[in-house]
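Protein sequences, first through last, are from chains B and L.
When the letters of the first sequence are read in order and numbered with our numbering, they come out as residues 58 to 337.
When the letters of the second sequence are read in order and numbered with our numbering, they come out as residues 19 to 310.
It should be emphasised that the hints constitute simulated quantities derived from the structure, not laboratory data.
Here the structure is a predicted model, which means the values were calculated and not measured.
Beta carbons: idealized from backbone N, C-alpha and C, even for Gly.
There may be inaccurate statements among the hints.
These stretches of chain L come out as covered by chain B in the derived footprint (C-beta under 8 Å, 3 or more residues) [unchecked claim]:
1) 24 to 32
2) 48 to 58
3) 99 to 111
4) 231 to 245
Residues per chain are reported as follows:
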Amino acid sequence: MINRYKWWEYIAIYAGIALFLSFILAPFVEAFVVSLRPLDSVFSIPYRFISEDMSFEAYFSMWESVPLLWLYIFNSFFIASSVTLLSLVAIIPAAYAFARFEFKGDNIILGSFLAINMVSGAVLIIPLYRVMMQLGVLNTYLAMIVPGTAFVIPTGIWLLRSYMMRIPRELEEAAWVDGASRLYTLRRVILPIAMPGIIVVSITSFITAYAQQFLFALTFNRKIELNPLPTGLYQYFGRNEVIWTELMAASLIGILPVIILYLLLQRYIIAGLTAGAIKQ
Amino acid sequence: MKKNIDLFPYMLLLPALFITLLIVAWPLAETVRLSLTDASLKPEENYIGFANYEKILSRRFPEVIGRTFLWMTLAVTLKLLIGLLGALLLNAAVPGRTLFRILTMPPWIIPIAIGMFIWGWLYNGQFGMISGLLQRIGLSDGPIEFLATKNAAFLSTVIADVWIGVPMVAVYLLASMQSISNEMYEAAWVDGAGRLYRIRRITLPLIIKPLITIGILSAIWTFNAFDAIWILTEGGPRNGTTTMIIDTYKTAIDRFRYGEGAARAVLIVLIMMGFSTAYYLVLRKIRKSELM
Numbered sequence: 058m059i060n061r062y063k064w065w066e067y068i069a070i071y072a073g074i075a076l077f078l079s080f081i082l083a084p085f086v087e088a089f090v091v092s093l094r095p096l097d098s099v100f101s102i103p104y105r106f107i108s109e110d111m112s113f114e115a116y117f118s119m120w121e122s123v124p125l126l127w128l129y130i131f132n133s134f135f136i137a138s139s140v141t142l143l144s145l146v147a148i149i150p151a152a153y154a155f156a157r158f159e160f161k162g163d164n165i166i167l168g169s170f171l172a173i174n175m176v177s178g179a180v181l182i183i184p185l186y187r188v189m190m191q192l193g194v195l196n197t198y199l200a201m202i203v204p205g206t207a208f209v210i211p212t213g214i215w216l217l218r219s220y221m222m223r224i225p226r227e228l229e230e231a232a233w234v235d236g237a238s239r240l241y242t243l244r245r246v247i248l249p250i251a252m253p254g255i256i257v258v259s260i261t262s263f264i265t266a267y268a269q270q271f272l273f274a275l276t277f278n279r280k281i282e283l284n285p286l287p288t289g290l291y292q293y294f295g296r297n298e299v300i301w302t303e304l305m306a307a308s309l310i311g312i313l314p315v316i317i318l319y320l321l322l323q324r325y326i327i328a329g330l331t332a333g334a335i336k337q
Numbered sequence: 019m020k021k022n023i024d025l026f027p028y029m030l031l032l033p034a035l036f037i038t039l040l041i042v043a044w045p046l047a048e049t050v051r052l053s054l055t056d057a058s059l060k061p062e063e064n065y066i067g068f069a070n071y072e073k074i075l076s077r078r079f080p081e082v083i084g085r086t087f088l089w090m091t092l093a094v095t096l097k098l099l100i101g102l103l104g105a106l107l108l109n110a111a112v113p114g115r116t117l118f119r120i121l122t123m124p125p126w127i128i129p130i131a132i133g134m135f136i137w138g139w140l141y142n143g144q145f146g147m148i149s150g151l152l153q154r155i156g157l158s159d160g161p162i163e164f165l166a167t168k169n170a171a172f173l174s175t176v177i178a179d180v181w182i183g184v185p186m187v188a189v190y191l192l193a194s195m196q197s198i199s200n201e202m203y204e205a206a207w208v209d210g211a212g213r214l215y216r217i218r219r220i221t222l223p224l225i226i227k228p229l230i231t232i233g234i235l236s237a238i239w240t241f242n243a244f245d246a247i248w249i250l251t252e253g254g255p256r257n258g259t260t261t262m263i264i265d266t267y268k269t270a271i272d273r274f275r276y277g278e279g280a281a282r283a284v285l286i287v288l289i290m291m292g293f294s295t296a297y298y299l300v301l302r303k304i305r306k307s308e309l310m
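Just chain B, with the same shape it has in the complex:
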């Protein structure tokens, strides 16, 4: 049997994987351990990984030190969900157009959408700031939702287009023969069949939108109560006296929802994220 390893090969492979995963996971482990320790024990020399008096204290006291924490988490969810919904409105019809129709300039337009991935929000920040100002949406949720949406649309179109291309044409043709309009066909025939693809796109968009909130919130929002988690906690990170134990606890609580989502749906998320990078 080709895949049988010798004992020393097992050891080498597992040692390599252990080394690799400790680079990836050590920060999370250390953050968790620190969140369990009392602050004065963390602030002691020499460095110790664990101490005797560990407790979940920080997970309770952080709600007082960071009084708006629950709001930051809510804002992050609200912004990411809004980005997801808004992007679906743009992604679904566009993906359908690219999957099913041949029209003048289709390749150029698709290429231009994909080229958006080469541009980062930070490059466009000056005119974006002015657009937001002129629209009067600075310091509102909209200033964080709309820019975020533009940057998840390209990958979404690409993912859903490939999914829709696999749907047999006969279904739509049957609907047209029955006299259904094309918009009706999209809504009643294509949407239900494409649902698994739409779900993968939604999850990918949500994860991306949850992860990308820092720049736009930092630049377009000055209202403390509208901060998503990254900028919300950033105020505490920048201080001279950082209460690290609580900051680590709050950070871990803040990423818990995406981690749970990821563990439940990891197959789709990995497929969605890697496919998003292919874009041939």
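Given the structure of chain B, go ahead and fit chain L onto it with the hints provided.
What follows is chain L alone, placed relative to chain B:
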């Protein structure tokens, strides 16, 4: 024979076009226009030709460009190396591989900001883990303030950014490795090829194209890295980690010099276009060689 133009597909594109034109295309054009003006907080703007470009190219900026390329090259090389090794290890058919693959992804899916808060603690000189461990095993005599000196901060931000980028590279390469058919390995095995030989002669040649693809994408993402550097150092100390994107942001948003900031942004866009062209050419070459 006159063909009627079907407007339906264009209508389907309207929502996507509206958002991307508003948020990307128009601001991009506006950036180019602003880069030719002296726009600032003052109400009036004057057209000043290429003065902004002359100004930034004659001053500190070439240094910033060099630093950015060094930062990116270092980070991308490490991402590809560690990601490739990780993918090869995760591709080994050992018990637990599914779990290992799942454990690889978290740095990529969590908000970069949160990851950087954690790294900010790891880099803490007095009480942080890395400085502490280095002292424990005797590699350092005293505390190391990773983010307080120029060179250390430069390397520290690179490592933190590598941590963000490795999962994507590893998982992407792993996916390409798993699409290689088993028959090829078996044929080589029957011919007596050892495991390392099979990796060198089958796996690596077959993933060279995905490696190039993810390398270029990774270069684009790394070049644009903002959150990681901003949170860890805000471009300091003494501009030691100020890359082009950080410099652009500082000039425009902190110092309100919109014109000069826009000129920097245009240079970034030009470099990105260079990367995209490379990406396109590579993909075209790949597709051609696959057709043969």
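Hint check results:
1. 24 to 32: holds (count 8)
2. 48 to 58: Result for this restraint: holds, n = 3.
3. 99 to 111: Since 7 is at least three, the answer is holds.
4. 231 to 245: Our answer is that it holds, as 7 residues pass the Cβ test (under 8 Å) against chain B, meeting three.
Checked against the numbered hints given earlier, the structure satisfies every one of them.
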